[in-house]
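2 protein chains.
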Amino acid sequence: MALLMVRYGEIALKGKNLRMFTRQLRRNIRAALRKNGIAGEVREEDRRIYVETDQPEAALPVLQRVFGIVSISQVAEVPRDLEAMKAEALRMAAQFGLGPQHTFRTEARRADKSFPLTSPEINYQVGGAVKEAFGPTVRLKGPADFILGIEVRRDRVLMFSDILAGPGGLPIPVSGRVVALMSGGIDSPVAAWMMMKRGCGVIPLHFTQGTVETEKALENCEVLAQYSYGWEMRPIVLSHAEVLEPTLRKLYQLGAGRWTCVFCKRLMLQEAVRIAKELDAQAVVMGDSLGQVASQTLDNIEVISWGIEKPILRPLIGMDKTEVTALARRIGTFDVSTRASAPCRYLPAEPITRASLGKFRELLAQLEAME
Amino acid sequence: MALLMVRYGEIALKGKNLRMFTRQLRRNIRAALRKNGIAGEVREEDRRIYVETDQPEAALPVLQRVFGIVSISQVAEVPRDLEAMKAEALRMAAQFGLGPQHTFRTEARRADKSFPLTSPEINYQVGGAVKEAFGPTVRLKGPADFILGIEVRRDRVLMFSDILAGPGGLPIPVSGRVVALMSGGIDSPVAAWMMMKRGCGVIPLHFTQGTVETEKALENCEVLAQYSYGWEMRPIVLSHAEVLEPTLRKLYQLGAGRWTCVFCKRLMLQEAVRIAKELDAQAVVMGDSLGQVASQTLDNIEVISWGIEKPILRPLIGMDKTEVTALARRIGTFDVSTRASAPCRYLPAEPITRASLGKFRELLAQLEAME
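Residue numbers (this note's numbering), protein chains in the order written: chain A, 1 to 371; chain B, 1 to 371.
There's no promise every hint is true.
No copy is singled out in the list; a pair is fine if it fits within one copy or between any two copies.
Here are the simulated DSBU-like cross-link-like pairs (lysine-lysine), alpha carbons at most 35 angstroms apart as the crow flies [stated by the list, open to error]:
| no. | residue 1 | residue 2 |
| --- | --- | --- |
| 1 | Lys250 | Lys113 |
| 2 | Lys113 | Lys321 |
| 3 | Lys86 | Lys250 |
| 4 | Lys359 | Lys113 |
| 5 | Lys141 | Lys86 |
| 6 | Lys359 | Lys321 |
| 7 | Lys113 | Lys277 |
Because the hints were derived from the structure by calculation, they are not lab data.
From just these sequences and the hints, can you work out the full model?
Quick look at the structure:
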């Protein structure tokens, strides 16, 4: 049986909400293990969550996808006895292959202050034994090759040497629900993932024009579902032909083909708001990044957002394409997003880049007159 | 005289806008040098911008704050002659202190294809001379200790070994103008900076309640101005007492003190929209990050944004506090933001966290009735 120690950070700051947050986090960890077929016991003690499992190698990458987790360590449990701590320290150092070429320190912490030795005394004793046996250079601050953590608890001592980063953020769905527009491209899954990281349950909304892009969008939803514990992602697929095309065709009839993208995005937002109201979601998420393509201008964003009844969250708005792409690779959506794509049939040769609200409202009136 | 080579990335993708973007970037580089008292000639050639200056050490950190720049190298100019290239390569390797313990490669590129040797041939010849003289291990891919860049131009060859990262993004103000709410805290300057990075000219808007926070906000505007070439930042300071307090006092009279923060933020957004219209700006920027403090909930965001007539950009909405803080340190606003602060006198003990639109509109009606 292996024991994994899970640290949570930001949510510890939440004062009276703390209990609700950690309960959701424990629940999500259990769901993550279950969904990935890993048996494990989850419990909390002294502001840490512990996972007991006989499949630690399988559990670690899963836990690295549970939002709210700051870091994870596999820990050894030893009795509250200095000699036992020294013996375990020597075993871990030997396993690491510690030698004179390495830098090293111990970091002791007493969760139980009744233990007779202080943290510096533990560091001195245990660290001294390791130094004597393996001859590493002691480095008390900054990065070191081998850092040995020692946590003294009421009934035992926990020791660990590896700290794996978790994804950070907040446990889903403590922040509420959002509807996320989802295309087959790079940006929208990253935008949805960022809001998931901040604790949102995401309802993906895709408009299908054919199988190529829709398969990509749905595959990316499956990748995102690997991060969505505590919330089941159920993508909604609407028909491009039914919802969007009548307006796009009319725009071409009006000789305003350059406006299709602006109207299309706005219609998608309106549908998203309708669904948000139905499903009790409080905002809409989209992957806009300012200036990344010619049509993502402030002018267009103003027209597209005009009169939309729910807040529009654009987590990528201040990011460079290189940053979004790097994140897509890390999340695991990049390969799907960059597969061969089927461009929209209504894409004009030169989409409008400086949409004006005045002209937009004129077109809106003309469209209504055509009903 | 030293020569600096400036690479720009994303803006090279802009097709027909390319010329406008690079003109703005050259203009901003000139403004940056001038504002920092550095003499320098700026010109463009073969999709690179060159800065000729006798103060390269002073110019480099300035250029690292000009948005649109991807990277910068100090370059040596040599004649289009293989022996001259070898001699310069040996000189640069000696200056670096290259030895058998290092990994190394050359990266040749021909902007002028009429040069008789191909890029692989140049690498083979020049790299071979360095290998023979200093004995480093050749590593053709991935990170290496010493990478020697060689660019063959029409009239000369440019050689460089250091590549400094620029800030990326787009040259200000190609994306337009935004009004950015600016407090004395950590988040709002980072939010403004991210939109500056995406090419926005920022108009900071601060509501003053006293000197402590206002000095912090204005000092942070000065830090941000160090990145704002091509756009002069002119902070607007409005009176908290005049614009916001009458409403906040009435809320307390109505027994709705828990609602002050929600109404205050909304009033600030409304003022920001008024100013945006006056100054021809197209959006409002704020530093909200979902769930970071108890009042930054989706419910509150919905109420605060309700009926605001310009798009609200929240570049931090999907970021963790640790990420925002790291960015604040990098930008240089962290120290000012974390100085002792003067909390708002109207801050309720328990700000509302789940504002409902219905209750909000009720309060709005009651406030109007009190006029």
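Here is how each hint holds up against the structure:
1. Lys250 - Lys113: neither (74 angstroms within a copy, 50 angstroms between copies)
2. Lys113 - Lys321: Result: close only across copies, 30 angstroms inter versus 50 angstroms intra.
3. Lys86 - Lys250: neither (78 angstroms within a copy, 65 angstroms between copies)
4. Lys359 - Lys113: Answer is neither: 71 angstroms inside a copy and 49 angstroms across each miss the 35 angstroms cutoff.
5. Lys141 - Lys86: within (22 angstroms within a copy, 44 angstroms between copies)
6. Lys359 - Lys321: within (30 angstroms within a copy, 41 angstroms between copies)
7. Lys113 - Lys277: For Lys113 and Lys277, the Cα distance exceeds 35 angstroms both inside one copy (52 angstroms) and across copies (61 angstroms).
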